[in-house]
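**Student:** So the sequence lines, in the order shown, correspond to chains C and G. Numbers 1 to 734, taken from our numbering, label the letters of the first sequence in order. Numbers 1001 to 1218, taken from our numbering, label the letters of the second sequence in order.
Be careful, since some hints might not be right.
[To be verified] Away from chain G, derived, C-beta distances all over 10 Å, residues of chain C:
hint	residue
1	Gly-27
2	Leu-29
3	Glu-121
4	Gly-416
5	Ile-471
6	Leu-724
7	Ala-734
[What the hints assert, rightly or not] Here chain G is said to cover these stretches of chain C; the calculated rule only asks that three of the stretch's residues, wherever they fall, bring their Cβ under 8 Å from a Cβ of chain G:
hint	segment
8	1-8
9	645-656
Worth flagging that the hints you see were computed from the coordinates, not collected in a lab. Note that the Cβ used here is the ideal one computed from N, Cα and C, for glycine as well.
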Amino acid sequence: MKFDTPATTNPIDQLKIIGHATSRIDGPLKTTGKATYAYEWHDVGSRPAYGYIVGSAIAKGRIASIDLSRAKAAPGVMAIVTAENAGKLGKGNYNTAKLLGGPEIDHYHQAVAVVVAETFEQARAAAQLVQVSYSAAKGSFDLAAGRDGAAKPPGRGDNQPDTNVGDFPGAFAAAPVQLDATYTTPDQAHAMMEPHASMAAWDGDKLTLWTSNQMIAWTTGDVAKTLGLPKENVRLISPFIGGGFGGKLFLRSDAVLAALGARAANRPVKVAMQRPLMFNNTTHRPATIQRIRIGANRDGKITAIGHESWSGNLPEGRPETAVQQTRLLYAGENRMTALRLAMLDLPEGNAMRAPGEAPGMMALEIAMDEMAERLNLDPVEFRARNDTQVDPEHPGRPFSRRQLVACMKTGAERFGWSARNAEPGKRREGRWLVGMGMAAAFRNNLLMKSGARVRLDRSGTVTVETDMTDIGTGSYTIIAQTAAEMMGLPLEKVVVRLGDSSFPVSAGSGGQFGANNSTSGVYAACVKLREAVAQKLGFNSADVAFSDGQVSSGNRSVPLGQAASDSELIAEDSIEYGDLAKTHQQSTFGAHFVELGVDVATAEIRVRRMLAVCAAGRVLNPKTARSQVIGAMTMGVGAALMEELAVDKRTGFFVNHDLAGYEVPVHADIPHQDTIFLDETDPMSSPMKAKGIGELGLCGVAAALANAIYNATGIRVRDYPITLDKLLHRMPDA
Amino acid sequence: MRKPSAFEMSRRNLLIGTATSVAIGATSAQAQNSVPQPLAAATAADAPAMATVSFNVNGEVRALKLDTRTTLLDALREHLHLTGTKKGCDHGQCGACAVIVGGQRINSCLTLAVMHEGDSVTTIEGLGTPEHMHPMQAAFVKHDGFQCGYCTPGQICSAVAVLDEIKAGIPSHVTDDLNVAPELTNAELRERMSGNICRCGAYSNIAEAITEIAGRPA
């Protein structure tokens, strides 16, 4: 189905099932331990052997030699795979560094061997006996030091490294009110709860991988490319994924090593990457240095806005596109953005939840707070005065729906924003300095082709099959709701099967594009199934109604299952998009509000209240959508207050590479969180009229906290995370 | 305050190491009769030390012959195929592997299986099934107290045990007065649950789920 004209009324608009706060259909499995994750398939094939990964102990250089003799002689060892004996390996389209290193080493903890043994304990013990001699080379590990030598990265489509509109330098110089400030965001880790894990089994030259992956089709292709197999010989199965946040978008070394280990051992092999290896072996959100310049008239209208960002990556890696939102979020006739990329020999930088906007909004929305103060304007009012209903770079191109101002005003009213004292450091409750902060939320809405197959059986049950994944986002549930709405069934009569490369290719989970696109693919398949049912039952498909398990037209009504009385009816289709995303800018909007206390003696920061207001198209399921948003708000608290991969700039690795060292928010850090979804449909986005929300909820949160800390203490911190050491020496007198 | 039984457990469930197997814990001199006996002395450096252990899991007695290095977590997951208990970090840092042993929650990755001779272990599978969920499991579903589901069994086992801890009068870091019974406040719940990380960030909803169950008469 080609979606190239705005959606009109369709069966989804009945909202009998879509739009309801349904509990997750996979909830009973997940809460009782019956959902099967990648490492847990005990009932397929023969008993697997265990693989344990050995990671490089240097960041850059070469393996001089590997001595496997002691490891091979260890009890239970069946095979050891290294680059030397693995045979020729290709490199996938989506990973920058090789997934099995050697003899060249590209980054610290790059996998250099996998030891396969009868038991996990034996594999782990033997892995310690692998003796690797390295000859280390000098690397670059310091972004600040590499900033001046950073190069202009190649552009990709609409994402060009330099953008210029009007005369930014002239307008900024002439602006009566100016801000020129530099912000930094650190390297961050996805730190999803389930480690990267895979089980591999070969049948001749056919490979099955039970794995934990967000993008089945991408990864199937990259497995084939890496191992030199025809794509049709690779099957991926990934029905449950213990979190990804972008870290499982791509093929990683657990899957490659499980496959190689299984081939070498002639046994199914499973590999879970040990937690302390994950932070340096896999990808991370790259650190940024961001310079923001804003010029405005005294009435608060922005005349010039400029945003430059420096980040680092391995050779052939890409920049963190932290300037992305600044091209679209606020008005202003004179604008510029620039991305620069330094070559670093740290682990591979890549997508983490809301790549680009998440770190970009961390900086931009502090800058907006600083500018509002200089203009003596309320931060909500300053942002509202610079709203734009068109793409500021292309004024002939309107936003499809843009309710940023409504989000901010609704939030301000609900949160009690008017009680905020604009003068910082003035609200004191016992030992606590109390402050409020806000930030806009912004993230683009992406359209991706997505397919599904639907099967109707004689009992009137519809089964949906798509390679879409559910990484905790609620895909199972909203896909079931979509099929139930389309086919006029109760939710219990829909079965959803996900995450299998033998199913039609979907959008997958990433970039907050999963929900809108995957359900639109299911919509398309259901439209075809409705036609097939009508034809089978001899109805005129134009006026046939599907409801309550019945198919009706005029005064004739038959059970849906009757259409499949002699054989299953199967329909398959994809949603594909025309030019609506070109003619209309599609983005999602929101506003974050935070109240927190800062201990006047210790500078301990405690978040008291959080509210997010979102306008992001139709909300398919308010319960799972709320979870996406509060989860993102929680990750934003981490970004603001604690998350930072500490770089050892001498030897080139992330020092705090486990869950004790890399701190993420825990229960005690997070108060009750409120969310509000503005009533919205976006007919430009898809037949579902929905947009993404899972990343919107993160964009701006950290800045809202930073702004609240400033409001509480009068201390402006521009370097994340805002830890106590950055406040203590500047705290007001107790 | 209830006498903490963890001390009794760690004294009772000791493993006598042979010459080549590592002694477990600091109290290995205190061995008693219930100690599991190594099957074969690991005379050669290349033979893993094996031992039998028998414990009650979810109401069923299970006997296993294990490499003594096997954690309780891996015994459950890899040997008994009770994969509801999750391995998130294998280092006691995330809480995904929380199970209830002798009425108390522990990180099953930080304890060796052979230390649990005769113990009673409750895993997420023992609390309820999809068809007959424990009230805490049902409350997690109702309040959407999870997303990816990987930390969820640990969160639920912890939550069930936390309510018992408060009932038993065990104080926490945020208990103001150690001489009075801790109350079931939001701060107490959040503090006590903080060993269970949820990277999806379902904390607000988890707190709603636990509060609902806590509010019910037992």
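**Student:** At 10 Å, judged by beta carbons, does Ile-471(C) keep clear of chain G as stated?
**Tutor:** 6 Å, violated
**Student:** Holds or violated: the segment 645-656 of chain C covered by chain G, criterion of 3 or more residues with Cβ-Cβ distance under 8 Å?
**Tutor:** Our answer is that it is violated, as 0 residues pass the Cβ test (under 8 Å) against chain G, missing three.
**Student:** Evaluate the condition: distance from the CB of Gly-416(C) to the nearest CB of chain G exceeds 10 Å.
**Tutor:** At about 19 Å from chain G, Gly-416(C) clears the 10 Å cut-off, so the statement holds.
**Student:** Would the non-interface assignment of Gly-27(C) survive a Cβ cutoff of 10 Å against chain G?
**Tutor:** Check fails; 4 Å does not lie beyond 10 Å.
**Student:** Taking the closest pair, is the beta carbon of Glu-121(C) still more than 10 Å from chain G?
**Tutor:** 4 Å, violated
**Student:** Can we trust that Leu-724(C) is non-interface, i.e. its beta-carbon lies farther than 10 Å from all of chain G?
**Tutor:** 18 Å, holds
**Student:** Taking a Cβ-to-Cβ distance below 8 Å as contact, does the segment 1-8 of chain C have at least three residues touching chain G?
**Tutor:** violated (count 0)
**Student:** Does Leu-29(C) really sit off the interface, with its C-beta more than 10 Å from all C-beta atoms of chain G?
**Tutor:** 6 Å, violated
**Student:** Can we confirm that no CB of chain G comes within 10 Å of the CB of Ala-734(C)?
**Tutor:** Check passes; 21 Å lies beyond 10 Å.
Of the hints listed earlier, those the structure fails to meet are numbers 1, 2, 3, 5, 8, 9, in rising order.
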